[in-house]
Amino acid sequence: MRARKKMSSRLPLLLIFALWSEAASSQRSVPLPAPPPSGARAKRRTPIVEAVERIGPAVVNISAEKLVQQRRSSLDSFFGFDARPRGYKTESLGSGVILDASGIVVTNDHVISGASRIWVTTADGRELEAKLEGADADNDLAVLTVDAKNLKAVKIGTTADLMIGETVIAIGNPFGLSNTVTTGIVSAVHRTVKGESGRNYSDFLQTDAAINPGNSGGALVNVLGELIGINTAIVGGANTIGFAIPIDRARRVVDELLHYGEVKSVWLGLRGTSVSLGADRPLRPGARGQGLRVRSVYPNSPAARAGLEPGDVVVAIDGRPVEGRDDFDTALASAGTGRALAVAFRREGQERMARLTTERTPDDLGLEILRRELGVVVRDTRNGPMVSAVTRNSPADGKGIDRGDLLLAVNNRKVKTVEELAKAVEGGFSRSSLVLSVFREPYLYSVTFGLE
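Just so we're aligned, residue 266 is where the sequence shown starts under my numbering, counting upward by one.
By construction, these hints were calculated from the structure, which means they are not laboratory data.
You may find that some hints are simply not true.
[Stated by the list, open to error] Pairs of lysine to any residue residues, derived as SDA-like cross-links and limited to a Cα-Cα distance of at most 25 Å, are as follows: (1) Lys414 to Thr386; (2) Lys331 to Glu398; (3) Lys396 to Gly321; (4) Lys664 to Gly715.
Model, not experiment: these values are computed from the prediction.
Given these sequences and hints, build the entire structure.
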């Protein structure tokens, strides 16, 4: 009786084990789904997939090593806290695009700015040290070269015929995640946006394809796999609005950097301000303008030789409407130097046309503006550009500028040398005013000068 009772107590466990074994056996017997036929995969090969396959091998990762100098405090030395290093290294990540199989790579200037060493990592895993051939902060572009074989170059398209709403693809390395693909549409063209540094960038493509930190310098392509823009994340943080430098403009900048090592601003020799319809007053913020009113024309400039005069209102360049100063600057940046332009303008209510050829900005323009229009002469010092002379009764004299003052920024653009100062002044030539950041120990203050 005892044995039978013991046996019966084990029956439930045996029953449970049997049921579990049967269930497990039935699960193992269920066949796995067969892989889809090759024809089904072919049907999923959309134009976007094909475009990514074409462009992917030409998109690279950019790694830039920067040495940050760190000053020691006098208090640290006094109290014996001298252990920390005088400098430390940081590393920035971005993207780039192989433009030519010979090893020419384009990226953003802000990706490699200040770098002591730069590496390019290709899609097939090769890590190559790169040489900086040239960079231009105004266009936020830089050109690198690498020594390697069997590189895959991108197919270059054009932005001349872009359609608002057409599909675009962004490829880059956001947050260090290599060859990330996002899609969107062309939201707008000829956008002017302000970067984190306060500098204005013009003639940008706008897209809703996600462009995040690390995407900078990567590729924006159409559905044919053609490069139409260089992505740039100059507006801080991850967002739903992306911007790219049009490839037509990028090609011109790259060509100048490779041939001359720098990009000179396009020179017409006129300065102006936006005006509203039928009025001679400046345009209200946010309103749509109806032209650029010429305020001054430089002697012997392309504008002067073409017969343009102060008071004329430029309304179009090569058929592209000019609603204000931003449109005017964009048209010049897109044109490049040595190009004939048809400039439509109004004078005393009548429509007129002038034809002129763009030139490279004179080498001494920035310093000439400071000397001629502000009355300031500068020289280099270890602390930055210093005022060495001020013309009596000049605008600078009237604003209190004096010998020994340091000029540290122009229109919020920091400068460290006379060359950088001249370039910043030159870049603001078309503006109606110039804002100088002046340091006179112990104070830093801003001084605004109107330009005629």
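Hints, one by one, checked against the model:
no.: 1; hint: Lys414 to Thr386; in the structure: holds, 13 Å
no.: 2; hint: Lys331 to Glu398; in the structure: holds, 17 Å
no.: 3; hint: Lys396 to Gly321; in the structure: holds, 22 Å
no.: 4; hint: Lys664 to Gly715; in the structure: holds, 11 Å
Checked against the numbered hints above, the structure violates none of them.
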